[in-house]
Amino acid sequence: MQRYIIIRLIQSVFTLIGVSIIVFSLARLSGNPLDVLLPDEADDETFIRISELWGLNDPWYIQYFTFVKNASRGEFGPSFKWQGRTAMELVILHLPATLQLASISIGVSVLLAVPIGVMSAVKKGTMLDTVGKLIALLGQSLPSFWLAIVLIWIFAVQLGWFPTSGRGGFSNMVLPAVALGWFSVASFMRLTRSSMLNVLDSEYIKLARIKGLPEWKVVWKHGLKNAAIPPLTVFGAIVVGQMTGSVTIETVFAWPGVGLLALQAVNARDYQVIQAVTMFISVLFIGMNLLIDILYAYIDPRIRFN
Amino acid sequence: MTSQADNYQAENYYEPEKNIGEVVLDVRDLRTYLYTRWGITKAVDGLNFQVRAGETLGIVGESGCGKSMTALTLLRLAPKPAARIVSGEIFLDGENILERPENEMRFVRGQKISMILQDPMTSLNPVFTIGNQMVEALGMYYQEEQQRGLRDRAVDILRRMGVAAPERRVMDFPHQMSGGMKQRVVGAMAIAGTPRVLICDEPTTALDVTIQAQYLRLLKQVQAESGVSIIFITHDMGVVAKMCDRALVMYAGRVVEQGDIRTLFKNPSHPYTKALMASVPSMEEKHVDKLYSIEGQPPALFDLPVGCRFANRCEFVTDKCIETYPPSFANEQGHSADCWLLEGQSEWRQVTEAGV
Amino acid sequence: MATEGTVLQLPQRLPWYSVARLRHLTNLIFKEYPVVWLTILFLVLIFPALTADFTAPHDPLKQQLSKRLTPPVWDQTGDKPGTWSNILGTDKQGRDILSRIMHGSRISLMVSLSALAIGGTIGTTLGLVSGYFGRWVDHLIMRVVDTFLALPLILMALVIVAVFGPSFYTAIGVISVLLWSRYTRQIRAEVLSIKALDFVARARVAGCSNLRIIVKHVFPNVVNTLIVLATLQVGTVILLEATLSFLGAGIPRPNPAWGVMVADGRDHIASAWWIAVMPGLAIMFVVLSMNMMGDWLRDKLDPKLRQV
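Residue numbers (my numbering), protein chains in the order written: chain A, 1 to 306; chain B, 307 to 662; chain C, 663 to 970.
Simulated from the structure, these hints should not be mistaken for lab results. No residue lacks a Cβ here, since even glycine has one placed at the ideal position from N, Cα and C. Misleading hints may appear alongside valid ones.
Unchecked claim - Here's a subset of chain A near chain B, in silico, CB distances under 10 Å, partners left out:
1) Lys69
2) Ala208
3) Leu213
4) Asn226
5) Ile229
6) Pro230
7) Thr233
8) Asp300
To be verified - Here are some chain C residues the structure puts well away from chain A; computed CB gaps all over 12 Å:
9) Asp737
10) Arg797
11) Val807
12) Pro814
13) Val821
14) Ile822
15) Ser829
16) Ile856
17) Ser871
18) Val877
19) Thr898
20) Ile931
21) Gly942
22) Ser951
Unchecked claim - Derived pair list, reagent style SDA-like, types lysine to any residue, alpha-carbon separation capped at 20 Å:
23) Lys962/C x Ser72/A
24) Lys386/B x Thr130/A
25) Lys386/B x Pro163/A
26) Lys206/A x Glu410/B
27) Lys124/A x Glu410/B
28) Lys123/A x Lys69/A
29) Lys206/A x Lys418/B
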């Protein structure tokens, strides 16, 4: 178990290094990054300041170490678009809004997807299963940005139930959360259903029934703990999908989160902020996956002991 | 053919002084059909048999003849929604369990009738410890006891099933055990609720040959201690000869012959039974060029012929066989078979209608 | 015994109108042969992509301000009734939406096929190398794969586009960069199991070079997986391209990419819903049928991919 965690930890560090190399080199894809990345209105003073901060006159490997050193302290430099703030400050400032939206949509999608997935596997071939399959199918084929617009059209414009955009009370959150969560509900449900179907077919479920266990215990104890393994492995990917999906959803709903910040930063070529956001989300993802790997080992003893 | 039977008797550890009691399980006209989108598959089609206390009944037949479906039907665990029990009665300890509501079946399963599955590698849940899985079952059978007491009981039962160092084994996960050990654990779970009837669905096919004999001996021992009736499902005539007191030969969803082991082996009366016995390799015959095998395939269970189901593979087939399903003929030793060849023979007496 | 999924022969005596036969027929159409999905794909994607130049009713770029914001033909109620000349209506510059969707099919198809070809080739090659050679090569490649999977892809795409400027080729390049890691992972896993098989060892004993073993012995065994994976990914790629275009980082205006069209319609959703809804429906139908095709192919060619 310890060995397993240590190996995963080392792998995560390598991944982190990889991410930092990519983020670092993206800015240098075309010669001096400042020519491309600084907004046109940047004056000479900023030019020199940034050159020094990034150490642009040094050889590239020293530049990289400077970058890593600064990044590890959360220093990505000052923002150009939002004067007087550093990039990291901006990310932290926008984070609560994104986390609020993402956690609600992930929470609701897990709460919806797992029971529906399990039940549609248990009641295979019934109406419930058909409805479940339909949701799963649509969820994977509807573009989320389009769904967001259609939701606004129907529920905000036509019916007037919810506001069209902005962050505020609970009613502001409903439409963005649905648009954001739709895809993850679908993929979770599909995975839960298919892995539950495999599990329900297995001999140990038969044995659990032979022993005389009540059906709920057969399904929710013996079935779900085994069936949870495949959906769990994609959980990290889905969470990050939500973070990046938030770029489109937050744009459509003018939700003041990290996604909107990122898009505005890209449009303004505010590279400090872009670096900060990218590194931040990647670190979040890597940490998340590490956590999931540990959880995974906790659920599946075969991994824990090998 | 007789030399074959003698051969089995030689290595048989059948004990004639065995104490066989009253009827525990009485199955009458049991039919389980599978309703698939392509048609109705008659997996179990009119089964009649009885099992007495302390007795071992063999169910023999090729794969796909309905043996396993019979076993699952007895537990009312045939895969839903495809499988439906369309007729019949299953009297277990005098009670027709088919009349029980589904949610009360769990008091029957494990405690009155239990089962050992074929493949030990997959029949234990990989994510729970052995102890957890045993205690969970015991908790239902002995509700008043504390967790501690249940664990001691689990250890005790594991020891009875020949698991070495059971105190430590209860902490193990299934993947930490060998196949033979897992099958012992599965057996322990099956007898944990002191059932009256224990169904063993080919429990040794997945095991090493050396472990197989050990396991069979263990089952015999458990039976001698607890007086449980065993229904032993297999395709291996050799194992039947070693283990069973009586046997049913199943073919295409029906019992084609049943009887006492001795009479069955001495005097197999249905051509299918004869063929089955001939297809087992013999130790006696020195020069066997080729192992006998039954030509052809059993009929598809969703498109059964009207006549005898073995007709297309039978050496002695007549027009009558193809036209009408034969009645059962029985003799005085309680031996019976469904075959037109027995018609008119002095010791055989017709006991059912033809063409059913 | 009949198990689900096997096609058994239907007993011949049933009349054609019996329930079993009708169910047999629907099963054939939906499950055995994906007729419906192929038809949708042909109508919405392939046919327009090939023939939009002469079958589209209008020039997709021609602006006619007099006809601007015409609703679809069935909407006759407003002060501007729909016309047969613009069946699905027009956008705010008076461009015909149906024609734009038809030309958009070509963009979607070209971008997704090119990106799949490039990403698939790179990904498969790396997967073959990684799985076959193992050791440090494998470690190195897998860490790179992990890195790419950890990056917020859409954000990276936005950055790349910010550096290079949006264009058709940037879109293809960006999507290929985002795609390859998936192939590498899957193919590597496949190669690992193939490598353990006898014929690979035999080829090695016979003195085949590594390159020859990979090309002649290993690769043919992963082709099925590759086909299934690629089909399952066409939908994903179309969605990705549409998302990028929607955010202004994919196909640049005024090209009629579906994502761009939805973005154009976004501001008019209250007054002219059809501008955003119609191209979105096209995306949905194509992705849906592609996914169904992928599922079908997977069941036929490579059932073990079920968990993917």
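Now the hints, each set against the structure:
no.	hint	in the structure
1	Lys69	violated (44 Å)
2	Ala208	holds (7 Å)
3	Leu213	holds (7 Å)
4	Asn226	holds (6 Å)
5	Ile229	holds (8 Å)
6	Pro230	violated (13 Å)
7	Thr233	violated (15 Å)
8	Asp300	holds (6 Å)
9	Asp737	holds (14 Å)
10	Arg797	holds (16 Å)
11	Val807	violated (9 Å)
12	Pro814	violated (4 Å)
13	Val821	violated (6 Å)
14	Ile822	violated (7 Å)
15	Ser829	holds (15 Å)
16	Ile856	holds (23 Å)
17	Ser871	holds (31 Å)
18	Val877	holds (29 Å)
19	Thr898	violated (9 Å)
20	Ile931	violated (5 Å)
21	Gly942	violated (4 Å)
22	Ser951	violated (8 Å)
23	Lys962/C x Ser72/A	violated (50 Å)
24	Lys386/B x Thr130/A	holds (17 Å)
25	Lys386/B x Pro163/A	violated (48 Å)
26	Lys206/A x Glu410/B	holds (17 Å)
27	Lys124/A x Glu410/B	violated (23 Å)
28	Lys123/A x Lys69/A	violated (55 Å)
29	Lys206/A x Lys418/B	holds (17 Å)
Checked against the numbered hints given earlier, this structure breaks hints 1, 6, 7, 11, 12, 13, 14, 19, 20, 21, 22, 23, 25, 27, 28; the rest are met.
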